[in-house]
Structure formats: C-alpha cells, structure tokens
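S.K.: Turn these sequences into a full structure, and let the hints steer you where they fit.
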Amino acid sequence: MIARLYKIAILVLLVNVLAGCSQRVNAIAEMGRAFFTEPEPILLSLDEIRALDYAALYVQLDNSPRILAVLNQASENQLTWRIGSRDFLYSQNGRIVGTESLTDFPQQTSARGQDPLSCFRKYLQPNSAIICPDQWRRKVTLQQADGSNAVLQRVWIKSTIMRTEKVESITLLSGITVPAFRIIETGEWNVDSTTKKPILFENIFWQHATNGRIVKTQQFISPAHGYLLTEEVVPFIGDFSVESDES
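Take 1 as the starting number for the sequence shown in full-length UniProt numbering and just add one per residue.
It should be emphasised that the hints constitute simulated quantities derived from the structure, not laboratory data. Warning: the hint list may mix true and false statements.
Unchecked claim - Within a straight-line C-alpha distance of at most 20 angstroms, the following computed EDC-like cross-link-like pairs (lysine to aspartate or glutamate) qualify: (1) 139 with 104; (2) 122 with 165; (3) 196 with 104; (4) 139 with 202; (5) 166 with 134; (6) 158 with 134; (7) 197 with 104; (8) 158 with 202; (9) 139 with 188; (10) 122 with 134; (11) 139 with 100; (12) 197 with 165.
M.R.: As structure tokens, then:
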C-alpha cells in the first residue's frame, strides 16, 4: 500500500512539474513512466483515488494492461490526457480524436458535421436525443511506423450512432454506480487504398444520465490496436456537475 501511494505521489509530482517549465522535466518524466509500464493492470483503491488531485481515466487496449491517464490540459472543447512522459491522448465528448507520440493511433480527426456525442450531451431527457444527428462522417490521420520513418495514412469513417433511452445502472472500477444511457455507434473504416476492404466496427459510449458526461467507452482505435477501453476514475471538475456522482 505504501509503495503504491508513493507511486501516486510520483504521478502527481510528474503532472505538476510537466505543467511548468523545469529543467527536471525529463528526469521526473522517466520516473513517472514506471507508473505507466507496470506489467499488471492498474486498479487504484478509494484512498489512492482520493489522493489524486487531477482528473484521471483508466485506459486499456485489447490484450494489454490497464494504465492510468491523467488530465494534462483542458480547453473549451478538448481534454488532453498524459499517459507517459511524451505520450498524450486528446478527447472530445469522451471520444479519442487525436494522440501524440503514439504509433498506429489517430493523430488527428477532422469533420464538417458535428459529432452526435456533442448533441447527446445537451439533451438528457428520455427521447429528447431524437433531434440529434444519427450519422457522422470524418477523416482520421494515423501515424504509422515504416522502419525509422513515420508515415501518415488517411482513413475515412462513416458511422451511424444512436442512444438507447432506457437508463441503466453501471458500476465503475472506482466502485461508483451511476445511471447511464448506452450510446451505440456502428460504422466502417475506409483506408486510402483501393485494395483494402472497409473495416467494420461497433463503439459503445456510456453517458451519465444526470450530467451528460461520457463515463465509459469502448472505441475502435485502429486495425493494429483494435479497441480502446476508457473509464472515468476522477471526473474533470470543469466538465458539467461532478457533484451529482455522489447521488
């Protein structure tokens, strides 16, 4: 327990230091990297969660250990999560829309239309989401490794998305039970090649029925990695009303 709390302290120190301009950034970052590369899945106790002063997510790829992502920066529409010394995830409405320093992950997402997830957050009354768009098209740029070079690949994605209006109770790994809508997105990836067939996928987003936050996801990241699972550990205090989680 003491060892794990020590690692939590290192993690918090890591975020504090990296948020500023310090010559110790690299040294502290490498200390923090040990937290993220444990061979076994990370699962924090309630005391460890209370020790975190920052919003945090559990993140897990198919067949990989669960790690912790800590909020590094928040803008009006996007949250930046740190998962390593130089590794970041960028999310909007719970969806991973970009990354930094991660191979075979979406580097950037661009779309003309609004992500239906954004609309769903505005309409939480049962059957109110019917006015939200149910289809979304976007272009994703993947960064792939080709020997020592980085190669960018463009992917076109089209999907249909709907929210079930029945509220279900889900228990998160943190032990908190929340009322949630289930949002199901089905679609296909089309790579910029005439020789490859579209890749079918099904994403699931669990939306807090009271405050609209996306608290849990299963989302397709790339053919190389499959699905990424995310789950809220400590909510972002600026993201709707976090106090309702206690009800």
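S.K.: Checking against the hints above, which ones are violated?
M.R.: Number 12 only.
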